[in-house]
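Novice: Protein chains in written order, with our numbering: chain A, 161 to 293; chain B, -4 to 374.
Some hints here could point you the wrong way.
Derived DSSO-like pairs: lysine-lysine, alpha-carbon spacing no greater than 27 Å straight-line [unchecked claim]:
hint : chain 1 : residue 1 : chain 2 : residue 2
1    : B       : LYS354    : A       : LYS266
2    : B       : LYS75     : B       : LYS218
3    : A       : LYS249    : B       : LYS211
4    : A       : LYS266    : B       : LYS75
5    : A       : LYS249    : B       : LYS75
6    : A       : LYS266    : B       : LYS54
7    : A       : LYS253    : B       : LYS75
8    : B       : LYS342    : A       : LYS288
What follows is a list of derived Cβ distance ranges for each label pair [said to hold, decoys possible]:
hint : chain 1 : residue 1 : chain 2 : residue 2 : range
9    : B       : GLY296    : A       : LEU186    : 55 to 65 Å
10   : B       : GLU280    : A       : LEU215    : 51 to 61 Å
11   : B       : GLY102    : A       : GLU269    : 31 to 41 Å
12   : A       : LYS277    : B       : VAL291    : 38 to 48 Å
13   : A       : GLU203    : B       : ILE176    : 49 to 59 Å
14   : A       : SER174    : B       : ARG155    : 16 to 26 Å
15   : A       : PHE225    : B       : GLU49     : 43 to 53 Å
16   : A       : GLY261    : B       : MET171    : 41 to 51 Å
17   : B       : ARG155    : A       : LEU219    : 23 to 33 Å
If you're looking for bench data, these hints aren't it; they were derived computationally from the structure.
The beta-carbon is built from N, C-alpha and C at its ideal position, and this holds for glycine as well.
Next come the chains, spelled out residue by residue.
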Amino acid sequence: MSRTPQNSSTKISSFVLVIIFIGLALSLSALMVALAYFGSGNEVLAGYFLLVGFLGVALSTYVLFQTRRRIMRLKIEIPPVTTTIECRKCGFKSVREFQRGDYIFKEVEPCQKCNDKMLITAIYREVKEKLSP
Amino acid sequence: MNIFAVISSLQNTVAQEPFGEFSWILNILFYVVFIIFIFYGQRIQMYVMIREVEGSLYKLKYIKDEGRKTAIETIKEIGKPQVDPTVRVDRFLEYFTISPQSLDPAGVVWKLEHILDVRDVRFKDEVKFMAPAADETQVNNLENTLEAAMALNYIYKVIRHYYLLGKKTLSLYIIMQLQMILPLVMREAEAYASALKAFAYGQPIGDGAGALVAAKLMYGHEKRKIPKDCVVATVPIEGRTAYVIKAEGPGGNVGKIGDGIRTVIEENEGKIATVIMIDAAMKLEGEEIGEVAEGVGAAIGGPGVDQFKIEESLLKYRIPINAVIVKEDIGDAVSPMRKEIFDAVDKTIERIKQVILEKTKEGDKVIIAGVGNTIGIGQ
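The following block holds chain A by itself, in its conformation from the complex (with noise of 0.2 Å):
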């Protein structure tokens, strides 16, 4: 399964991007209004003006990071598969990357050391999980 998603469901609305980019483009106006009413001595006004300036900044990076969030849900973790190839002889042991084709019990390339036959024993996953109560 594809680890880059460009899946119709994957991308996010342009018009949502849009009105995003506006929210924070107005927001940015808004912390500028303030520094000039804070030039003009008029602080009250440049109070409000920097709180609905920082609100919107705020709440437009949220819903930004919000949107990307959902596209970074949906990508699926595969997990690395491995195998271990033994031989039965003289007991020499290696671990590698699934192949196609590998099968529990499947004799592969002969041995390092003893040149017997080796045979795939596992095939397995392993997963770390957080420790939990």
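With the hints as your guide, set chain B onto chain A.
Specialist: Showing chain B alone in chain A's frame:
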């Protein structure tokens, strides 16, 4: 103090101070918001739920589309078709099976078995047509891949149906039920998504725990085929003769274990001391993955045909049946086998030996059946 008084005092303290003469605007705003919430609160709640369902539906659509893509790519890679298999795959994803009429339940098992056989043959023929270069093992794997893609397609369509129905009728109850079951549905869909890759590559899955136990027991012993899609080996264990049965691997196959057990029982004219079935079973939340448990009864899932046949055969000769299960959840059952499940196989073999020692005597004959999809597991 009523709620209006609380709101008024809140307005006085919060709103009037900074806004001074314009505080009446905030007063009106507070009342408007309050009234809106009284009359439209439920509707707002419903829109929030609809948004949540919509988000999950997006994810389901993504998973479903990726499933379809994986299936098509695998068919092209393995099957080397002359024509593009996309149209045929799309048609396959829409296949359905109608279960038999059970108004008069007598004989319904045989009707169900017939329908399932027809389905199986139809699916195999379709896959062979789509992937002419695939061998028997690959055909089985491709069939499983397509079935997983089909399950994802179905889940998506059902959820979309209730989402659109809820949106159209603006029924809180439809949307609420949908939102409540969504976490479980999503878990299942994600499990099928990882199953797709396992099937496409032919990796052993968690459900194959039983088949792996049987494979380990029968490795190195002579095997023969028995009906249908099963193999049996005669293995000496603790001074007893064990007939070890599993589905024929390493392709994705569950075999007809019911028929296999019945054949071995009939071959031995019912002189079987005990039957031991090994299968993967659903664990409860909080239980360890790969925990081994023991009990009695036919440990086999599926539509019930095989369980029925096994129980019938056992009843005929009054043969006791024991079960050993390896616990895992739905996600583990259909995704590539976890190490914990693989490690549980040796513990299961120890438990089987214990059961044999306790329940039978030397010289007895026993049947050990490893149930589950044997994909990626030879014998």
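Novice: Evaluate each hint against the coordinates.
Specialist: For each hint, the structure was consulted:
1. Restraint check: the Cα-Cα separation between LYS354 of chain B and LYS266 of chain A comes to about 34 Å, which exceeds 27 Å; the hinted pair is violated.
2. For the proposed pair LYS75 of chain B and LYS218 of chain B, the alpha carbon gap of about 32 Å is over 27 Å, so the pair is violated.
3. As the CA atoms of LYS249 of chain A and LYS211 of chain B are separated by approximately 17 Å, the hinted pair is consistent with the 27 Å bound.
4. A C-alpha spacing of about 24 Å is found between LYS266 of chain A and LYS75 of chain B, which places the hinted pair at or below 27 Å, so the restraint holds.
5. For the given pair, LYS249 of chain A sits about 39 Å from LYS75 of chain B by alpha-carbon distance, which is inconsistent with the 27 Å threshold.
6. Proposed proximity of LYS266 of chain A and LYS54 of chain B is contradicted: the alpha carbons are some 37 Å apart, above 27 Å.
7. For the hint linking LYS253 of chain A to LYS75 of chain B, the alpha-carbon distance of about 35 Å lies beyond 27 Å, and the restraint is violated.
8. Of the supplied pair hints, the one linking LYS342 of chain B and LYS288 of chain A holds, its CA atoms being roughly 22 Å apart against a limit of 27 Å.
9. Taking the beta carbon of each, GLY296 of chain B and LEU186 of chain A are about 58 Å apart, inside 55 to 65 Å as hinted.
10. Between GLU280 of chain B and LEU215 of chain A, the C-beta spacing of about 41 Å breaks the proposed range 51 to 61 Å.
11. Checked against the given bound of 31 to 41 Å, the beta carbons of GLY102 of chain B and GLU269 of chain A, roughly 53 Å apart, lie outside it.
12. Restraint check, LYS277 of chain A to VAL291 of chain B: a C-beta distance of roughly 41 Å satisfies the suggested window 38 to 48 Å.
13. GLU203 of chain A and ILE176 of chain B have their C-beta atoms about 55 Å apart, which keeps the hinted 49 to 59 Å range intact.
14. The hinted window of 16 to 26 Å between SER174 of chain A and ARG155 of chain B holds, with their beta carbons roughly 23 Å apart.
15. Taken as a hint, the range 43 to 53 Å is violated for the pair PHE225 of chain A and GLU49 of chain B, whose Cβ atoms sit roughly 19 Å apart.
16. Hint check: GLY261 of chain A to MET171 of chain B, Cβ distance near 48 Å, so the stated range 41 to 51 Å holds.
17. Evaluation of the 23 to 33 Å hint for ARG155 of chain B and LEU219 of chain A yields a pass: the beta carbon distance comes to about 31 Å.
Going through the hint list in order, the structure does not satisfy hints 1, 2, 5, 6, 7, 10, 11, 15.
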